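There are 2 protein chains.
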Amino acid sequence: MRACLWRRCNFRSHECLRPFSVSPVKHERVDVARLLSQQTEANGVDVHGWVRSLRRQKKVAFVAVGDGTTLESVQAVLKPEDAAQLSTGAAVRLTGSWKASKGSKQSHELQVTQVAILGANDAEHNPLQPKYQTPEYLRTIPHLRPRIPANALLLRLRSQVIASLTHFFNQQGFVQTHTPIITSSDCEGAGEVFTVSSNAAKDSEQRLKPGDQAQVEHFFRTNKYLTVSAQLHLEALAQAVDKVWTLSPTFRAERSDTPRHLSEFYMLEAELCFTNDLSDVMTVVENMLVAVASDLLSSHTGAELLKARESSQAEHESPTDSLTAADLKARWTGLASGAWPRITYAHAIHLLQTAVTTSSATFAFEPSYEVGLQAEHERWLAATVGEGQRPVFVTDYPAAQKPFYMAPSPTSSESSGGDEHSTVACFDLLVSELCELAGGSLREHRVQELQVAMQGKGVEGGGLEWYQDLRRYGSVPHGGFGLGFDRLICYLSGVGNVRDVVAFPRWVGRCEC
Amino acid sequence: MRACLWRRCNFRSHECLRPFSVSPVKHERVDVARLLSQQTEANGVDVHGWVRSLRRQKKVAFVAVGDGTTLESVQAVLKPEDAAQLSTGAAVRLTGSWKASKGSKQSHELQVTQVAILGANDAEHNPLQPKYQTPEYLRTIPHLRPRIPANALLLRLRSQVIASLTHFFNQQGFVQTHTPIITSSDCEGAGEVFTVSSNAAKDSEQRLKPGDQAQVEHFFRTNKYLTVSAQLHLEALAQAVDKVWTLSPTFRAERSDTPRHLSEFYMLEAELCFTNDLSDVMTVVENMLVAVASDLLSSHTGAELLKARESSQAEHESPTDSLTAADLKARWTGLASGAWPRITYAHAIHLLQTAVTTSSATFAFEPSYEVGLQAEHERWLAATVGEGQRPVFVTDYPAAQKPFYMAPSPTSSESSGGDEHSTVACFDLLVSELCELAGGSLREHRVQELQVAMQGKGVEGGGLEWYQDLRRYGSVPHGGFGLGFDRLICYLSGVGNVRDVVAFPRWVGRCEC
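Line order of the protein sequences matches chains D and B.
The first sequence begins at 1 in UniProt numbering and counts up one residue at a time.
The second sequence begins at 1 in UniProt numbering and counts up one residue at a time.
It is possible that part of the hints are untrue.
Said to hold, decoys possible - Every beta carbon over 10 Å from chain D, so not counted as near; a handful from chain B, in silico:
#1 Ala336
#2 Gln374
#3 Arg379
To be verified - Straight-line Cα separation of at most 25 Å, SDA-like style, residue types lysine to any residue; simulated pairs:
#4 D/Lys131 x B/Gln468
#5 B/Lys99 x B/Gln374
#6 D/Lys59 x D/Thr95
#7 D/Lys105 x D/Ala150
#8 D/Lys329 x D/Thr95
#9 D/Lys105 x D/Val30
#10 B/Lys131 x D/Lys105
#11 B/Lys402 x B/Arg260
#12 B/Lys99 x B/Thr40
#13 D/Lys59 x D/Thr69
#14 D/Lys105 x D/Leu54
#15 B/Lys131 x D/Arg472
#16 B/Lys131 x D/Glu465
#17 D/Lys105 x D/Ala308
#18 B/Lys402 x B/Arg255
#19 D/Lys131 x B/Arg472
#20 D/Lys58 x D/Thr134
#21 D/Lys99 x D/Leu36
#22 B/Lys329 x B/His300
#23 B/Lys307 x D/Gly173
#24 B/Lys329 x B/Glu433
#25 B/Lys402 x B/Gln374
#26 D/Lys59 x D/Thr88
#27 D/Lys457 x B/Glu512
#28 B/Lys457 x B/Gln389
#29 B/Lys457 x D/Glu512
#30 D/Lys131 x B/Gln401
#31 B/Lys307 x B/Gln389
#32 D/Lys131 x B/Trp466
#33 D/Lys102 x D/Asn43
Hint data in this document are derived by calculation from the structure and do not stem from the laboratory.
The structure presented is a predicted model; accordingly, all values stated were derived computationally and were not measured.
Don't be surprised by glycine CBs; every beta carbon is placed ideally from N, CA and C.
With the hints as extra help, turn the sequences into a complete structure.
Here it is in structure tokens:
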């Protein structure tokens, strides 16, 4: 009997049959973001990354190497013969010294003594080419698209925003929850849901044929759907712990083909108990986005987003996109400064109608209290009331335009309950370009009034008996909201199409990878 | 023209048609967790919550009120006539003074001057009764179950663990990503996937009938599935930003009916580039769980979990559950202290076989290198090698037992590539009771070797051309892991069944709410 050779194995009474090969002492790898921030020279530096660009001269070769930890690259200086096998896109390990640079574009550079190719790039067949490629084309190769540094930056932005939100809600005493994805009900009675089944035809080419009944077996006994909103389940959980939130995937089988819609998207939703004041809910939304924007303004990611926008403007890579770096920064500042306008729906209609009569605006659709706000109206409100930089809360929409679960406005319920002008205690949050970023309301917490509203909207039955139960056994006044998380990433990054901020976007007819 | 009455509206040139009703100054509500920590007396205290219990005496009534922010309740002292309308489960608002208590069970109590019932409890019909109800029964009412304080505590535990993980990965430079839920491929060739379709029969009572072909329209052109793992997509994203992680819902249409399996569950998955050493991956797993357990040991939630276990033991509420508060704390300490044993699969088999020959253990299944580890073997390894408190990494399983994407073990590829004893550079992380908590590997990053492995496992085609692409254009050595997040919550809480730590659990035949 002898001690086990395997380090950290606390077992003694055996001989290790197949011990791990302990690798020889390796260089400590340093990532590009950290190396670029280092202003002192160093030897034995080990950089791993991908070749972003390559310039071969007679006596020397310059290789820009990035690893996705920053938008920037390290300039590596090689002997021409060491760079012979390299090409843009190849993965390399470069070892050398970090030295002050004579070039004007960087303070330091890596003088390379050793090159290893980790993975060659089949440049000829690579669908991703080192030149301008349209967003439409890049959407067909989502598995390679994030290798473009500006897209990698969008991944880091999403991560940072999630971290900001997690911190904000944690500080505010909200409990983060996991609501179900497979559900029995369709929250808003929208009807455009995905159905979930098991044992259906697996061959991707094969469609279900008549007579294939056995293939549509009900794993859950009855039809189940992909969730369209976490809200109803969140309401149940709020009654356990007071304040809850979730950042969850959500699904709509809508055949809409717009820059603002996906079939699979992330929604940030929250519910809070013990409030009968809509402004409490709006304040959570506002404070939350103030926190996110403030973090962004002071972060490295924020600085890189501005830099990326400047260079893309300079290179005319997105000629149709007129948002400058200054515009983007003004947008963040507008978010971070809070104190966003809050106006009622009736007032919004009044403003729109006044704008038409005074000829200060023209619309394709005439603004009408009964018909509701069109996208062009929302854009005008964001541009005018919010001055293009602050989001605008529009509150107290007509009940007829909103789902069954919303509580009446305080003034509405007292004065005009049930008539065609009755309104609900709700809000939409409008921002420039994207229109609706978030929406919320007080929830109807009285069981009889809820039942009447459900009847009125034709959503009785439908497996929502449990939702009514929440109002039977110690119901409390509460409210909440949902925010389109991918749209928020669009708004913060200035990217115009939600398909370009989601790693693997899904919409009608499109589900690559 | 006059200034808008609506506070914070920055619009001046109009009259607000329907201004918000500004509510009169309200008492500042204090939550129960905060109030209980206050050791000084105070007037004008406003508590909102649910009646946990009620004791009426001749001259006074004692009401315990909780709001889910803590396991504990506030003792409220009322006049008997003010408590006449109250019942357990009712939602109330109590206003009064926070005074030092004469009782021995609490330092302070709320002497109530004003009572408002926010929502009565229909006690007779309430499926949740203030007495012991079995876990099996409670699973039929997931919308009410979290109102039991011990279940609310599990919601808070989940939230805290997510916050710990978010902080840990952020600190370590991992980028949090959102991988797709609807996918084209089945990661492990497992076959037990849910299929997604749109426009299927919506009526929950109605099944698809022969001839209903039009109802099974392909929204995405071909069949799509709910993801069984984020890994393949994470590998694509890792090649953009180096290190990535996700906490995502995952699905298996398995008809297994065990305490450890759900059809919908959360997986924590991570991938890291530029490593060819499996121990790098194991170290991430270990450090991550050390961070989670350390946070738990020093947290209020941790203290409450221990307290809840003590009282449930005392009340014999879960007589079959032998885990004491001390056992649970030892489990956390075992996690937090790190330095977990790492042994090879071959060695694990050797230990098991030795235990059989020396009669120190008996198993229903004989330990065999070829057949693989059974649950009973994993339990024995966790109990013996891990001494029941430390997780155990078992590494280098035979390639035949593992999926196509795993890279060969360093020793295996050099000496015995392809033979029946060839192993892969992988690990399973075993813990007591739950067996496998996590699993990971180095990934095969060479395209030809990957293709051979895919052929060998019969997963050619199947829409994974894009996954091979990742190896064609600058591939790098990398590895990653997946951890069953709901199982982790079980392990940390000592709850024996994963159905009781998930708010709305789904398994075969069961999808309530």
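Right, here's what the structure says about each hint:
Listed as outside the interface, B/Ala336 is consistent with that label: its C-beta sits roughly 16 Å from the nearest C-beta of chain D, beyond the 10 Å cut-off. Annotated as non-interface, B/Gln374 keeps its C-beta farther than 10 Å from every C-beta of chain D; the closest such distance is 20 Å. The non-interface label for B/Arg379 is consistent with chain D: the shortest C-beta to C-beta separation is roughly 17 Å, beyond 10 Å. As the CA atoms of D/Lys131 and B/Gln468 are separated by approximately 23 Å, the hinted pair is consistent with the 25 Å bound.
Proposed proximity of B/Lys99 and B/Gln374 is contradicted: the alpha carbons are some 59 Å apart, above 25 Å. Proposed proximity of D/Lys59 and D/Thr95 is supported: the alpha carbons are some 19 Å apart, at most 25 Å. For the proposed pair D/Lys105 and D/Ala150, the alpha carbon gap of about 19 Å is at most 25 Å, so the pair holds. Taking the CA atoms of D/Lys329 and D/Thr95, the gap is about 38 Å. The hint is violated against a cut of 25 Å.
Only pairs whose Cα atoms come within 25 Å are accepted, and D/Lys105 paired with D/Val30 is accepted, the gap being roughly 21 Å. With a C-alpha separation of about 73 Å, the suggested pairing of B/Lys131 with D/Lys105 is violated against the 25 Å cut-off. This hinted pair checks out: B/Lys402 and B/Arg260 have alpha carbons roughly 20 Å apart, not beyond 25 Å. A threshold of 25 Å between alpha carbons decides the hint, and for B/Lys99 with B/Thr40 the separation of about 8 Å falls inside it, so the pair holds.
Taken as a hint, the D/Lys59 and D/Thr69 pair is broken in the structure, with Cα atoms around 30 Å apart against an allowance of 25 Å. Annotation: proposed proximity of D/Lys105 to D/Leu54 holds, straight-line Cα distance about 15 Å (limit 25 Å). For the hint pairing B/Lys131 with D/Arg472, the CA-to-CA distance comes to about 19 Å; that is within 25 Å, so the pair holds. Restraint check: the Cα-Cα separation between B/Lys131 and D/Glu465 comes to about 24 Å, which is no more than 25 Å; the hinted pair holds.
Between D/Lys105 and D/Ala308, the direct Cα distance comes to roughly 16 Å. Compliance with the 25 Å bound is thereby established for this hinted pair. Simply put, B/Lys402 and B/Arg255 have alpha-carbon atoms about 21 Å apart, close enough for the 25 Å limit, and the pair holds. This hinted pair checks out: D/Lys131 and B/Arg472 have alpha carbons roughly 19 Å apart, not beyond 25 Å. Restraint check for D/Lys58 and D/Thr134: not satisfied, since their Cα atoms lie roughly 35 Å apart, outside the 25 Å limit.
Simply put, D/Lys99 and D/Leu36 have alpha-carbon atoms about 11 Å apart, close enough for the 25 Å limit, and the pair holds. With a C-alpha separation of about 14 Å, the suggested pairing of B/Lys329 with B/His300 holds against the 25 Å cut-off. About 21 Å separates the Cα atoms of B/Lys307 and D/Gly173, which keeps this hinted pair within 25 Å; it holds. At most 25 Å may separate the alpha-carbon atoms for a hinted pair to count; B/Lys329 and B/Glu433 meet this at roughly 16 Å.
Restraint check for B/Lys402 and B/Gln374: satisfied, since their Cα atoms lie roughly 15 Å apart, inside the 25 Å limit. Between D/Lys59 and D/Thr88 the CA atoms are separated by roughly 20 Å; this keeps the pair inside 25 Å, and the hint holds. For the given pair, D/Lys457 sits about 23 Å from B/Glu512 by alpha-carbon distance, which is consistent with the 25 Å threshold. This hinted pair does not check out: B/Lys457 and B/Gln389 have alpha carbons roughly 36 Å apart, beyond 25 Å.
Between B/Lys457 and D/Glu512 the CA atoms are separated by roughly 23 Å; this keeps the pair inside 25 Å, and the hint holds. A C-alpha spacing of about 44 Å is found between D/Lys131 and B/Gln401, which places the hinted pair above 25 Å, so the restraint is violated. For the given pair, B/Lys307 sits about 20 Å from B/Gln389 by alpha-carbon distance, which is consistent with the 25 Å threshold. Between D/Lys131 and B/Trp466 the CA atoms are separated by roughly 21 Å; this keeps the pair inside 25 Å, and the hint holds.
Taking the CA atoms of D/Lys102 and D/Asn43, the gap is about 18 Å. The hint holds against a cut of 25 Å.
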